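Note that the protein sequences, when read in sequence, are chains L and H. Going by this note's numbering, 194 is the number at position 137 of the first sequence; the sequence numbering is gapless. Going by this note's numbering, 21 is the number at position 16 of the second sequence; the sequence numbering is gapless.
One should not assume that every hint holds.
[As the list claims (entries may be wrong)] From chain L, some residues computed to sit far from chain H (all C-beta separations above 10 Å):
no., residue
1, Glu73
2, Ser138
3, Met247
[To be verified] With a straight-line cut-off of 30 Å between C-alpha atoms, the simulated DSS-like cross-links for lysine-lysine are:
no., chain 1, residue 1, chain 2, residue 2
4, L, Lys90, L, Lys176
5, H, Lys162, L, Lys370
6, H, Lys240, L, Lys84
7, H, Lys162, H, Lys240
8, L, Lys324, H, Lys240
9, H, Lys162, L, Lys233
10, L, Lys324, H, Lys162
11, L, Lys324, H, Lys182
[What the hints assert, rightly or not] Here are some, though not all, of the chain H residues that point toward chain L, as calculated from beta-carbon distances under 8 Å:
no., residue
12, Leu161
13, Lys162
14, Leu166
15, Gly169
16, Pro176
17, Val177
18, Glu179
19, Leu236
20, Thr237
21, Gly238
22, Arg239
Quick caveat, the hints were computed from the structure, so don't treat them as lab data. Computed from a predicted model, the values in this text were never measured in an experiment. A virtual CB, placed ideally from N, CA and C, is assigned to each residue, including glycine.
This is what each chain is made of:
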Amino acid sequence: MELVCVGLNHRTAPVEVRERFAVPAGKLGASAKELLGIAGLEESVVLSTCNRTEFYIAGEQAEQAAVELRRRLSAEHGADSNPHWYEHHRIQAAKHLCRVVSGLDSMVLGETEIFGQAKDAYRQALDAGATSGTLNRVFQRAFGIGKRVRTDTRIQEGATSVAGAAVELAEKIFGKLAGCRVIVIGAGEMSRQTAQALLSRGASTVFVTNRSYDKAVLLAEEIGGRAVHFDEWAPVLAGVDVVISSTSAPHPVVLPHHIESVRRVRKFRPLFLIDIAVPRDIDPACGAIEEVYLYDIDTLEQLAGEARTRREKQIIECDRIIDEELSKLNLPGT
Amino acid sequence: MDRWFLIAATALAAAGGITGMLSVHQGTRSRWTVIWMIAAFAAQMGFLYVRGQARGACPLTGIGEIMAFLAWSLTLFYLAVGPAYRLSLLGVFTAPLVTIIQILALLPGVWDAHPIRIPATDPWRETHAAMSVLSYGALALAAVAGVMFLVLDRQLKDHHLQSGLFRNLPPVRELLKSVVRLLWIGVILLSIGVVAGFMMPRQGGTAHLIAACGVWIGYAVLLGVRQVRGLTGRKFAVVAVLLFVGSLSVFALV
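The following block holds chain H by itself, in its conformation from the complex:
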């Protein structure tokens, strides 16, 4: 049942991405993307509920569950931020990312078909895992908004203003504000995750926590520099995207 929920969420997100891209291609607003994403979010909730019941804990055991949780978090932040800030196109960029993450979560070897019930849970461990993955949803969406900014910036600089994509992209200033807000949300959630990580009982080495601290410092420095000294939109967006990609790579290794 949980697998079918995730497959449904993947299909719905893919449908949202495809309809959104078709709208953009035709130069019109992607009105249906948010509806598809709401449906995908409902299916993700179904997956998390069934999986959570099976685990008897927050379903964050194994890479497949972490990826599914990340996709849920990304969708959550898109639904919270996208329509509120009139960033309708954000869904067109987010939906494919959610689809890819969920497809990876469903791959043989990644997908755990027989989740084992966790006998005893530690609240710090659960807080650490949940907040960290949730923060990655916000940071991922900040990276998506950053990519959108870079596309718009390039089009404005080169005077390529006739594409449907250009017409649908939100204004430069709105995009930058969204990146900043999402980074702040991500850093705050990551801070809670890191603190909880220090409080939870240790198993094995500390490389994971060191990496988390490194990521936290990276984002904190980025926000601090922008706040105090200022940064061009392009540098800010590039660093936000690189930090996200880099931090994913680091966690894949440690």
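For reference, chain L alone in the conformation it holds in the complex:
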């Protein structure tokens, strides 16, 4: 029995190539079943995400079947994709799968979404009857190894984006964000991303204000918040926990007196100020107020960069765990 992985991903193929081979999320099982018609191929799983399309195949002559698979793919989607494909055989294919489910092969190193996507791809193939002894064992072991990698290393520690870093800090200040109220000053893209990241973690209410009220209304509608006129945002500070500011104003918009005027009403509760504007929107003097935690774009970028570096340093340890675990197993097809 041979195990082969044929695929292309964000490193080997640009998006215009990847999109041609993408398989819709609901058709992974059917697609895997379809491959069983190739001579020498007895089992298959198709994994398709925005960053990769991979075919895990097993059979007595899987290496020959892989050649036929690539011929078919070229015939259906164009031969110009040939240079973008990679192939891993036997133990290397199993190792590649472990790296994929561990997030080591992802665009955002250590991301967790791929684990669920791989599980879903496997489940669909299993339900479609496209897997048997070899791929069942390989995938189940890969999920176990992926879990160990994530538990025993720091590969998923720390946020790797500005929005993620802001959310992590908010959680360090407020714990669970359920019930947290947010005001977004300036309806730009970064504000939208950060507000959405906070909402996805449970923030309850978002106020949006912008010099152009129409833009505030648009963003508020998009994220399910409430628009506030730009000359009325200051009193809203009394009831919020997080301020995200990203206007294009050439001078600070949030000044210490804005916060001082609502401190008593707020009963001096912690206030998290996120300044993602350049030039800065929030007067640095605001950070001197006791209950205020002020972070600007540079600090958040630095935090995200440090998290990325920490994750990169974990790759060697993750690979060691994968090799150690695979060496313990006598996986079929490897």
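Since chain L is already given, all that's left is putting chain H on it; use the hints.
Only chain H this time, still in chain L's reference frame:
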């Protein structure tokens, strides 16, 4: 036997503190601290039982017994509050304090090797002593949580976010909630202790009771101001720590 129980409790708490600090240094969660503290608590219970049998009363006679009881109370509140509120790091801060208090209780001159049986006990006196020391366990733990808040607050303010300590500290809001809850528990227990103090037969002066009332007023004002007017987390935590240290000093003198 009682001494060995206390020595065991001290060693177990020290082990909890050391393993916890090592975990924090490595940037991981201190999962074993709570286990060590449960073991230390069992040893403390053994000490209190043997000592209580010897005294024929609650073992709160002499500074050594009071300190051992305080350490037990501190451990009790840590076990009640720490795991429940996911404050795993609280044990790392609490264990060294418990260790130090118990080491002091074991020092020659402080430790009473031959406890004398108390012929007759007064329930008000026993309630006063037990509730007062128990309240100090809660107030001490509030001070520990207050110190944790101050450390986290400083790190967040200065953007020093890479240490293992920072990663393991609970969120600001959780810490402040814990301080408030522990202070309320402490003040309620202290209130019972103070009332019992007024009911018990007097021996000597009233300085001790006046000090207890002063401490009670201090904490009540702190909680009242926070409730009514509000206080920044930093001021609240600093006052909670200072009140605890100050009240210990006052009781050492009166």
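Which of the stated hints cannot be reconciled with the structure, identified by number in ascending sequence?
Numbers 6 and 15, in rising order.
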